[in-house]
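Guided by the hints, dock chain R onto chain A, whose structure is given.
In the order they appear, the protein sequences are chains A and R. With numbering that gives the first Met the number 0 applied, the first sequence has no gaps in its numbers, which climb one by one up to 604 at the end. With numbering that gives the first Met the number 0 applied, the second sequence has no gaps in its numbers, which climb one by one up to 157 at the end.
Sample of chain A residues facing chain R (criterion: CB under 8 Å; computed from the structure):
1) 150
2) 152
3) 156
4) 172
5) 185
6) 186
In silico lysine-lysine, DSS-like type, Cα no more than 27 Å apart, as pairs:
7) A/170 - R/49
8) A/151 - R/42
9) R/42 - R/140
10) R/114 - R/30
11) A/49 - R/1
12) A/170 - R/42
13) A/535 - A/495
14) A/49 - A/35
Just so you know, these hints were derived from the structure itself, not from any lab. Keep in mind that this is a model prediction, so the values were computed, not measured. Ideal placement from N, C-alpha and C gives every residue a C-beta, glycine not left out.
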Amino acid sequence: MSEDRDKLKSLLLGEEIAQIKAIQKLLDDRQAFTEKVSQVLDNAADQTIKQNPEFQKKFSRLDPKALTRAIKANQKSFIDAMIPIMGPMIRQSVANAISKFVQDVNRAMEQRFSIKALRWRWQAYRTGISFTEIVFSNTIEYQVQQVFLIDKESGLLIEHAGHEDALMQDKEAISAMLTAIESFVQDSMGHDGSHLSAAKLGERNVEVISGSQANLAVVIKGAYTPRLVDHLSAASEQIHIDFASDINDQNTWNNNPDLKVELENLLVTKSQSDDEESSGVNFWPWLIIALLLIGWFSWRTYQQHKALSETRLQLAAIDGLVVQQITPNDDGFLVTGLLDPLADTSTLSADIRLATQPYVSLDDELIANRVRLLLNQPDLEVEVRHGLLTLTGHFDDVQQHRLQRQMLGIIPGISQVDDQSTARPQPPDLNQQLLNHLQQHPLPEYLKLQVIDEKIVASGELMVSDVDDYWQLLNQHFEAIDASGLTLLNASTQLKSITSEPLNFIATNQLSPAQQSLLNQKAAAFLTLHRHNQAKQIKLIAQSDCQGSLQESNANNRKRGTWLAEQLVQSGVDRSLIQVETILCEQITTTVNTDLIGVWFEVNR
Amino acid sequence: MKSKKICMIGRFAVGKTSLVDRYVKNHFADKYQTTVGVAISTKIIDNTTKLIIWDIAGFEQENHYKPYLRGAHGIIFVADATEPESVHTLADIVADSPELKALPAVCFINKTDRKDDINWQPALDQSIAGLTAHSFWTSAKTGDHVEEGFAALSRLLS
Numbered sequence: 000m001s002e003d004r005d006k007l008k009s010l011l012l013g014e015e016i017a018q019i020k021a022i023q024k025l026l027d028d029r030q031a032f033t034e035k036v037s038q039v040l041d042n043a044a045d046q047t048i049k050q051n052p053e054f055q056k057k058f059s060r061l062d063p064k065a066l067t068r069a070i071k072a073n074q075k076s077f078i079d080a081m082i083p084i085m086g087p088m089i090r091q092s093v094a095n096a097i098s099k100f101v102q103d104v105n106r107a108m109e110q111r112f113s114i115k116a117l118r119w120r121w122q123a124y125r126t127g128i129s130f131t132e133i134v135f136s137n138t139i140e141y142q143v144q145q146v147f148l149i150d151k152e153s154g155l156l157i158e159h160a161g162h163e164d165a166l167m168q169d170k171e172a173i174s175a176m177l178t179a180i181e182s183f184v185q186d187s188m189g190h191d192g193s194h195l196s197a198a199k200l201g202e203r204n205v206e207v208i209s210g211s212q213a214n215l216a217v218v219i220k221g222a223y224t225p226r227l228v229d230h231l232s233a234a235s236e237q238i239h240i241d242f243a244s245d246i247n248d249q250n251t252w253n254n255n256p257d258l259k260v261e262l263e264n265l266l267v268t269k270s271q272s273d274d275e276e277s278s279g280v281n282f283w284p285w286l287i288i289a290l291l292l293i294g295w296f297s298w299r300t301y302q303q304h305k306a307l308s309e310t311r312l313q314l315a316a317i318d319g320l321v322v323q324q325i326t327p328n329d330d331g332f333l334v335t336g337l338l339d340p341l342a343d344t345s346t347l348s349a350d351i352r353l354a355t356q357p358y359v360s361l362d363d364e365l366i367a368n369r370v371r372l373l374l375n376q377p378d379l380e381v382e383v384r385h386g387l388l389t390l391t392g393h394f395d396d397v398q399q400h401r402l403q404r405q406m407l408g409i410i411p412g413i414s415q416v417d418d419q420s421t422a423r424p425q426p427p428d429l430n431q432q433l434l435n436h437l438q439q440h441p442l443p444e445y446l447k448l449q450v451i452d453e454k455i456v457a458s459g460e461l462m463v464s465d466v467d468d469y470w471q472l473l474n475q476h477f478e479a480i481d482a483s484g485l486t487l488l489n490a491s492t493q494l495k496s497i498t499s500e501p502l503n504f505i506a507t508n509q510l511s512p513a514q515q516s517l518l519n520q521k522a523a524a525f526l527t528l529h530r531h532n533q534a535k536q537i538k539l540i541a542q543s544d545c546q547g548s549l550q551e552s553n554a555n556n557r558k559r560g561t562w563l564a565e566q567l568v569q570s571g572v573d574r575s576l577i578q579v580e581t582i583l584c585e586q587i588t589t590t591v592n593t594d595l596i597g598v599w600f601e602v603n604r
Numbered sequence: 000m001k002s003k004k005i006c007m008i009g010r011f012a013v014g015k016t017s018l019v020d021r022y023v024k025n026h027f028a029d030k031y032q033t034t035v036g037v038a039i040s041t042k043i044i045d046n047t048t049k050l051i052i053w054d055i056a057g058f059e060q061e062n063h064y065k066p067y068l069r070g071a072h073g074i075i076f077v078a079d080a081t082e083p084e085s086v087h088t089l090a091d092i093v094a095d096s097p098e099l100k101a102l103p104a105v106c107f108i109n110k111t112d113r114k115d116d117i118n119w120q121p122a123l124d125q126s127i128a129g130l131t132a133h134s135f136w137t138s139a140k141t142g143d144h145v146e147e148g149f150a151a152l153s154r155l156l157s
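In isolation and in its complexed conformation, chain A is listed as follows (with noise of 0.2 Å):
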């Protein structure tokens, strides 16, 4: 059966048989199929990626740990290899680096100090945000314009967005321009592999990203930080995956809405103005405002807070009060609580105003005072200490002081009583002392001693001769004697008053007003001296100057003494007392010598 099945097998297929032979050695052959594949394998991939364009992901794709492994075994390889392109990079990177660093650096130091830096400041420290992130994304003012994607190997345009009627020139020849400047820094300035990144015109600049395949240009107006470059960089990297096929296929070029688009979104314009309005509010104002009430209610706050201390030390130091509560008002407090008939509240100041009920307090000045008021001793010294009370100094009456010691024992918070006081020595009598001294030392005439208010008074006259004795004597057996009222007379003085002056005068029967008064205060010194025994007569001399005949001079001579004595009775001396004495003329001068002409006075002892 089974030799029947072959033998139609043979004749069925012949030489097929043999080919499928060949190929199961071809599959069972590792090396040769290898080797066949290998052969076709190029051209597969090729139709492949043509038909599916995914597919080639899957080529792409790189195993992380083969890699990993490939780098350690061979280190030195990869070293080589990565050196060219690793350095540039890393030279790049520094110089992009440090140009942003002094970018950061100028700009914080421009807006450290303004106003705007301390909103700034506000916004970082309620959002989390470091401040220079605030600063840049507030101070930097641009406007991306341009877009240009550009073929890297021909310079041609691949895609462009922004308004064309900006520009000098059509976008193609921009493109090519830019690339052909690329060609000539490069040729001119070496081949290290760096490209030009960026150029500048006035306030324009144009930042050339390159990608592996197409250059990204962007014409920029105005200052803008590296962070823009760097989501440029991203953004042609995004362009590069998501558009891989069509940046290679010219066909799309200039007609790829969807590039366009992606290219349109680049198109972006940052300004301050943008910000300002963005925020909706301008709140500056209105923060100053708050700031403005919060420091208002702060110092008012503070205000009633050292009101209200200094009230609360107020309170505290009175004995006798207890605080309840204590509300502000309008002008003041108003302290409620328990107050003390007795407690002393006039330090309090006008503007607390007290609402108490009486209770009776135990603090020791409270007691104290009311021991004070019961006993009403001006010289008891009151203490009362952790309820003893201590009595010291004088009481007036020893049975009423008896008395009231037995009524302290009703006076709340007295426990013990510890009474030092003694009873008042009660004083002599000073008028009988006086009238004892004055019968052992007569009293001079002419002065008085008598006892007013518990205190001798002196008035009178008292002559100095008899000072020193009398006086002496009266200080030794009297304090304090009031003389506010005595007269001291000094007799030489009297004396002296009365001779040391003569009346000139040339009429017989008058004298000028100033003679007149000299006259009575000789008069009255005269009868001083004689109360107090000083003087006995009064002695009137007259005399002239004998001018013109002997007779007539005389005769004036005891007219003037005369009526001189008849003056002094009228100034009150006695009559008796007057001794007229006339100097009678021997001779006539011829001379004229009014000072010659008068009445002498002499006092007889």
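Structure of chain R alone, referenced to chain A:
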């Protein structure tokens, strides 16, 4: 609209810039000005194609012009009818950059207005034929065959 990169190739002072000016601006300047590096001009033809014309200088310096040729779609070789050496320069450039042979190309033999100075031998035609099959005797000054030459290249590019 498709953009096509065209490179003007030729030695110093053969009239590359004048040809471009004549074609793009219909203008000719008697005063000679040296091109530094490269000058870019554009011209739209048939509302479907835009020629990006790279007027390249510095062919006397070896390799300096090569970066500008990358990605070119077409070549315009320019020779000076009065300077046979200019044809040799074109041959040298192509020998140095053989990839140019694969590109559509035309050759402008320029300065035909200077009839008395023309110095041309048949051997030069052979050299031109080694570069391209499409050659035009042009004059940037008079505009003779300039438009025609660019149009021929455009057709080759389409």
